[in-house]
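J.: The residues making up each chain are set out below.
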Amino acid sequence: MSLHPFVIELLQFALLLGLAPAFAGWVKVLKCRVQGRTAPGILQPYRDIRRLFGKDIVLAENASWLFRFTPYLTFGVTAIAAGIIPLISVDLPLSATADVIALVMLFGIVRFFTALAGMDIGTAFGGMGSSREMTIASLAEPAMLMAIFTVSLASNSTSLTQMVSVMAHSEFVIRPSLAFALAAFILIALAETGRIPVDNPATHLELTMIHEAMILEYSGRHLALIEWAGMMKLTLFFALGIAAFCPWGIATGGDTGLLLLAFVALSAKLVVGACVMVLIETGLAKLRIFRLPEFLGSAFLLATLGMIAFFILE
Amino acid sequence: MILLSLLGISILVALILAFIGDWRYAPEVNIGGSLLTFIVSLVLALQVYHEGGSISGSAYFFVDYLNISLVVLTTLVSTTTAVFSRRYMRVEREHGRVGHWRMRFYHAMFQLFIFAMLIALVTNNFGVLWISMELATLATVLLVSLYRTPTAIEAAWKYFILCGVGIAQALFGTVLLYFAAERVLGAGGNALLWTNLSRVSSQLDPTVMRLAFVFLMVGYGTKAGLVPLHNWLPDAHSEGPTPVSAVLSGLLLNIALYALIRCKALVDGSLGSGFAGNIMMGFGLLSLLTAAFSMLRQKDIKRLFAYSSIEHMGIATFAFGLGGPIATFGGVLHMIVHSLAKSATFFSVGHAAQMHGTQEMSHIRGLIRGNPAVGWGMFLGVMALAGMPPFGIFTSEFLILTATMKDAPYLAPLLLLGLAVAFAALFRKVQPMVAGLVPSGQKPLTAANIPVFLHLVLVLLLGIYLPGFLANWFHLAVEILK
Amino acid sequence: MTHTIATQINSLLAALILLSAFALLAQRKIMGLVHIFAWQGLLLALSTAVIGYASGEHHLYISSLLTLGMKVILLPYILYKLVHKLKIHRDIEAVVNVPTTMLLGIILVVFSYHLTAPIRELSNLMTRSTLAVALATIMLGMLMMVTRRHAVTQILGFLAMENGLFFAATSATYGMPMVVELGVALDLLIAAFIFGIFFFHINTTFESLDVEQMAKLKETD
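Protein chains in written order, with this note's numbering: chain S, 1 to 314; chain X, 315 to 796; chain G, 797 to 1017.
These are calculated hints, taken from the structure and not from any lab test.
Be aware that a few hints might be false.
[Claimed, not checked] A few chain G residues that don't get close to chain S, going by computed Cβ distances all over 10 Å: (1) 805; (2) 807; (3) 850; (4) 857; (5) 881; (6) 909; (7) 914; (8) 926; (9) 942; (10) 999; (11) 1006; (12) 1012.
[Stated by the list, open to error] With a straight-line cut-off of 30 Å between C-alpha atoms, the simulated DSBU-like cross-links for lysine-lysine are: (13) G:1012 x G:883; (14) G:1012 x X:757; (15) X:613 x G:881; (16) S:55 x S:31; (17) X:796 x X:720; (18) G:825 x S:286; (19) G:825 x X:743; (20) S:31 x S:269; (21) X:720 x X:613; (22) G:881 x G:825; (23) S:31 x S:286; (24) G:1012 x G:825.
All residues carry an ideal CB built from backbone N, CA and C; glycine is no exception.
Full structure from sequences and hints, please.
T.: Spelled out as structure tokens, the structure:
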């Protein structure tokens, strides 16, 4: 049985919306295990979101429409990104409308509005968080583009579905360029999703927090949407890495059996990927803020080296 | 066989001196070893002259008209330097500036340095040429820092690092040369032999050779002290003991230039254009002008003459870059007379510095009255270096200038300007030192006069009368570079 | 088939060598630098052995062993001993402007690529594309010697340049003739001896290995 592309598209949305909290939970469980703490269970994020939806919103008096609008925008735009990144199949109608540069721009929009919302209330923490976030973003985005472009070079296209199908069906060769790009991508993903050593998602310590500082004023369903979007972003970055660097197993059409297989492959890769990230997070200490440019600079360097290696060595 | 003994003697003497370097008669052993090498080189030269053309000792060594002239020059200057060093180092030892171990080290390294230069000259293999150039650098690095003063260590470190960087470029150039050669001559050691390469130079790939020459030029140019790669030279040549300065300025620069002109001959054969020549002319002219103007500002007497070496290397490089029989003849002659005059001047400078206990020119006064031999030696040496007739440097500079007028007349004014400024600088700095009254702090000293005046007489002879066989000889050497 | 795989492995090793050259440029800790240098030597030895295996040029095995002995074991060991004896193993060099240096480094890599492009066209060896990496390693070593102000770091830059030269020889021509390789190794040994002596001299005379303070010899007016 073959599914219509639009059905696959919808399936992907559903998959991401449904699975993202579970993935975030899985990461938390793993982290607790590795650090010898009692784990809350994989389903905890679902419970958190439900609890937050049930609560009232506490709004600051001077909050503008921007502050109220941002959570919906964040959630919506992140969900759109799910339609572009091939999770289980490359046969995605939405993918034709946006390539990888547009994807980076989507994440840029989310960041832009979150930063504005952080400043909207006028608290010191919000402004500080926004300024830090933008500093990181200005360094991470070019590096991200460079890393993705290296993959584009190897597959001769910036369209994600095109990239994935080329990568999935090419013969296995050792490509230094892709190795560099992958290393760069991991560093950037850590920065973009606010993980250690760039940011710590579990802290509310005023000196170190970045992303948490921006959303400190949110409550109720606004916070639920933002949290949910954050989980989706984390999952999406993993999915993007998987799609760009090891897409093997992804379905090319709408065949149900293949889709099922792709789903299993994706889940397995996500599980393994989370293990890797937890190991990185546990092994590293959070960097001091002024060391971050160096961290992201090395990501940029790696991405550039990947590109150069493509020209020189391949 | 004779070739091998040429190399063997110096390494053997180096080994012996490593153990007996501070013995009372160690300087005499040093002189003896150098003299023996000189005699062997003369025998070799005669052999070349009689058999005509080149002699090869196995595949790795060979002598022809060009390199044997430089071999004879090297061994001659090293012998006279050894004679000079006997008196000079004795004074340094008495003043306590060097101790037992450093005397042993000094003597052993002196001979090792000669050994490295001789290998560089007689080797047939461009790879070995590079290795021995590096060996010569390494042997002299610790000689420069012999006194262990902060400035000496700084100078030696600079020398080590900058020459290390520079000469690495030359090795890359050699790799590229081998790449080009391998395609014509096949893999293996034979592809780097000069005798093979010069035969097939026209078949070498021009693109690769062009790239190779740029790297070789930078590498060996650094060692030859060409501007803008010269920063290490004034320091290294002024901080070491004077005999070391004399051989560094008089001999090692020549070897680097020799390596460069061998490479140029190959590149010219491959490219058939003036590419290499133009680069060398540029570097040469820049060196001449920069060094000439820098000389005006010097306060330290050895630095003054170090810059003068850069200037003369610039002239010779310019001459070889210009090419053509007259300029190349002038270049070869210039290398030889500069080497003789510069080492002679350094000998006098060393004595003058010892007499006053300083290298500051403003403190050195009244040399002719204080010690006529040192004073006149320095004065005549400087006149020779400044290119006054009837010394040999006048002849070579005149030849080069004539060739410039003919082939590149627009460059002649620049050349003349450089020469004039250098002359003015030398004369202005040296005249007060040799003339005038004896200052109070001057110490009497027994000078080593033979080396100074032997060199000056040779320079004079080469200036007023070039014997027919010698002229013929140089012409044959020039032929090789075509 | 083995040939293509060997080419791929060699490319990967070349890429890692390039990465190690950049790592040397960015590393601040003296001991960290020595470790990276040893790793670079190991990659070099591996790459030489792989090329030797794939091309059938068995003399490359000797070069590979020579590299292993000299650049992975002997030189790092000497440096390790020196650094401990001079009590500078905890030194952290104040390096300014790492990002600018890195950008310069990238420019140098691109420059090397362009410079070696004609050779890549001419050559038909499996290693032809790694020559650019070799030249880049030389250039990066040079950059390190220029930008760093610590005597040990400068020497490491010098040794990294030597690594690049060796890599260039294997990439362009499957290695220089044996005489030359042995001679270069001998020179390197003597150089190691000399810089060892120098470290002590500089340290006793200036009471630190920072070469910045060696600035007495300047042109004065």
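J.: Taken at face value, is the distance from the CA of residue 825 of chain G to the CA of residue 881 of chain G at most 30 Å?
T.: 16 Å, holds
J.: Within 30 Å, alpha carbon to alpha carbon, are residue 1012 of chain G and residue 883 of chain G?
T.: 26 Å, holds
J.: With the threshold set at 30 Å, check whether the alpha-carbon distance from residue 613 of chain X to residue 881 of chain G stays at or below it.
T.: Given that 30 Å is the threshold and the Cα spacing comes to 40 Å, the pair is violated.
J.: Quick one, are residue 55 of chain S and residue 31 of chain S close enough, alpha carbons at most 30 Å?
T.: 28 Å, holds
J.: Sort out whether residue 286 of chain S lies within 30 Å of residue 31 of chain S, counting only the CA atoms.
T.: 15 Å, holds
J.: Is the nearest CB of chain S more than 10 Å from the CB of residue 1006 of chain G?
T.: 22 Å, holds
J.: Was residue 942 of chain G rightly flagged as not at the interface, with every chain S Cβ beyond 10 Å?
T.: 19 Å, holds
J.: Is the Cβ of residue 926 of chain G farther than 10 Å from every Cβ of chain S?
T.: 7 Å, violated
J.: Should the label of residue 914 of chain G as a non-interface residue stand, given a Cβ cut-off of 10 Å to chain S?
T.: The claim stands: residue 914 of chain G keeps its Cβ more than 10 Å from every Cβ of chain S (closest is about 14 Å).
J.: Are the Cα atoms of residue 796 of chain X and residue 720 of chain X separated by 30 Å or less?
T.: 18 Å, holds
J.: With d taken as the least Cβ-Cβ distance between residue 850 of chain G and chain S, does d exceed 10 Å?
T.: Nearest chain S Cβ is 14 Å from residue 850 of chain G, so the label holds.
J.: Per the stated criterion, does the least C-beta distance between residue 805 of chain G and chain S lie above 10 Å, as a non-interface residue requires?
T.: The assertion about residue 805 of chain G is violated, with a minimum of 6 Å to chain S.
Violation of the numbered hints given earlier is confined to hints 1, 2, 6, 8, 15, 19, 21; the remaining hints are satisfied by the structure.
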